[in-house]
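Engineer: The lines below spell out each chain.
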Amino acid sequence: MHISEGVLAAPVLISGVAAAAAGCSVGLRKMDFDKTPRVAVMASTFFVASLIHVPIGPSSIHLILTGLVGIILGWASFPAILVALLLQSILFQFGGLTTLGVNCFAMAFPALLCYLIFSKLINGKNQSLAVIAGFLAGFCGVMLAVIIIAAALAISGEQFITVARLILIAHLPVMIIEGLIVTTIVVFLRRAKPELLKGVV
Amino acid sequence: MNKNILCGLSLLISLSLTHAHKINILANVEGSIVYTQVYLSNGDPVKNCMIEVHDPNNKKLLEGKTDQNGEFSFTVPAKTDLKIIANASMGHLAETVIKASELPEIKTVNKTAVKTPVLKTPVTDKKEIDETELRRLLSEVIDEKLHPIARRLSHLERKTISATDVIGGIGYIFGLMGVIMYLRSRRKK
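Chains as they are written, first to last, in my numbering: chain B, 796 to 996; chain F, 283 to 471.
Rather than coming from a laboratory, the hints here were simulated on the basis of the structure.
It is possible that part of the hints are untrue.
Derived DSS-like pairs (lysine-lysine); straight-line CA-CA distance at most 27 Å [to be verified]:
id, chain 1, residue 1, chain 2, residue 2
1, F, 329, F, 381
2, F, 381, F, 365
3, F, 470, B, 830
4, B, 825, F, 471
5, B, 988, B, 920
6, B, 830, F, 471
7, B, 830, B, 915
8, F, 347, F, 361
9, F, 365, F, 341
10, F, 361, F, 342
11, B, 988, B, 830
12, B, 993, F, 470
13, B, 825, F, 470
14, B, 988, B, 825
15, B, 993, B, 915
In silico negatives: residues of chain F with every beta carbon more than 12 Å from chain B [stated by the list, open to error]:
id, residue
16, 426
17, 429
18, 433
The beta-carbon is built from N, C-alpha and C at its ideal position, and this holds for glycine as well.
With the rest of the complex left out, here is chain B:
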């Protein structure tokens, strides 16, 4: 899910940086700094998630957890994901410094969308609706990220439909697994600590 350096065209890189910067500044303005530890915990979760490989079939896939970060952090997903991606690119050479903006936007924007769309249902009274919304948040978090990445590659020259379909098929198991993870966490947090699901605002 990390685009390497030297693949994308300059306009895509620049608009990625602009979008990520805008998201981060709004995120930092909306963030309640008394809840910084929560943001740090989610940033570390995201940082480590891409190292967790789930063996499926001949190959293995890794978690992304955009949906989970989104529903717990809301707007603060932007700064959290930026920090995590920066460290991933420095320490593991995943992605790269020039593609940081694009990668950050590709993963933080879906997180934010999941928060905006599903947060009400997840915090609602109806348990079964909350479960469905939780699954969809995990599922769509990955799906939207894939679509944004495919679009970024398409503008820089690769065929959008083929690439998008390829990456979508490859990530289908991740989407389902993350849907289940988010569902479990939502069900647990609704009972144990419902205020964690309200976003960091």
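Chain B is already provided as a structure; the job is to place chain F on it using the hints.
Structural biologist: Same frame as chain B, now just chain F:
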């Protein structure tokens, strides 16, 4: 029909790539041959990966694909800095540069001559083997002997993720959190 099957196969091959974050490329020169290997961050080889070799003016000198072991080798095309680019599509790209100084002088030895085994050269009188011929044979044998060792070394050179990096990263995040909270607590006073 055949085309469809080929398409399907190439889809399957490239599918395995999308699961990786990063591909790495390593290249080392042995004699007049450059060995490159492309691998994922967990050390698995990248099969059927496009490799392009460029000179400093970005002119493409040659191209090829990695084999089942993620390896690709080629004879040195020219004595310039060689930029080797591995492109596994879908946002995965890696490159490495071999400096001209690491490359041997290009000799126009014809291939059949190189293949001739040592024994078949007429060794009637030891003084008759001229020096250049001897050098060439020696360097050939040494290259052959050193090849497995060079392999081992390049395997050791591979960058994979270590636990220290992971724990270090988490440490950075919490350090940053500490800084933010410290600044906030000062402002509150």
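Engineer: Hint by hint, note whether the structure agrees.
Structural biologist: Status of each hint after checking the structure:
1. F:329 - F:381: holds, 26 Å
2. F:381 - F:365: holds, 9 Å
3. F:470 - B:830: Holds, at about 15 Å.
4. B:825 - F:471: Holds: residue 825 of chain B and residue 471 of chain F sit about 22 Å apart, inside 27 Å.
5. B:988 - B:920: The hint holds at about 15 Å.
6. B:830 - F:471: The given pair, whose Cα atoms are some 18 Å apart, holds under the 27 Å limit.
7. B:830 - B:915: holds, 20 Å
8. F:347 - F:361: Answer holds: residue 347 of chain F to residue 361 of chain F is near 22 Å, not above 27 Å.
9. F:365 - F:341: Answer holds: residue 365 of chain F to residue 341 of chain F is near 10 Å, not above 27 Å.
10. F:361 - F:342: holds, 14 Å
11. B:988 - B:830: holds, 14 Å
12. B:993 - F:470: Holds: residue 993 of chain B and residue 470 of chain F sit about 25 Å apart, inside 27 Å.
13. B:825 - F:470: Between residue 825 of chain B and residue 470 of chain F the Cα gap is close to 18 Å, so the pair holds against 27 Å.
14. B:988 - B:825: Holds - the C-alpha atoms of residue 825 of chain B and residue 988 of chain B are around 22 Å apart, at most 27 Å.
15. B:993 - B:915: holds, 9 Å
16. 426: Consistent with the label, residue 426 of chain F stays out of reach of chain B, its closest Cβ about 34 Å off (over 12 Å).
17. 429: Non-interface label stands for residue 429 of chain F: nearest chain B Cβ at 28 Å, farther than 12 Å.
18. 433: holds, 23 Å
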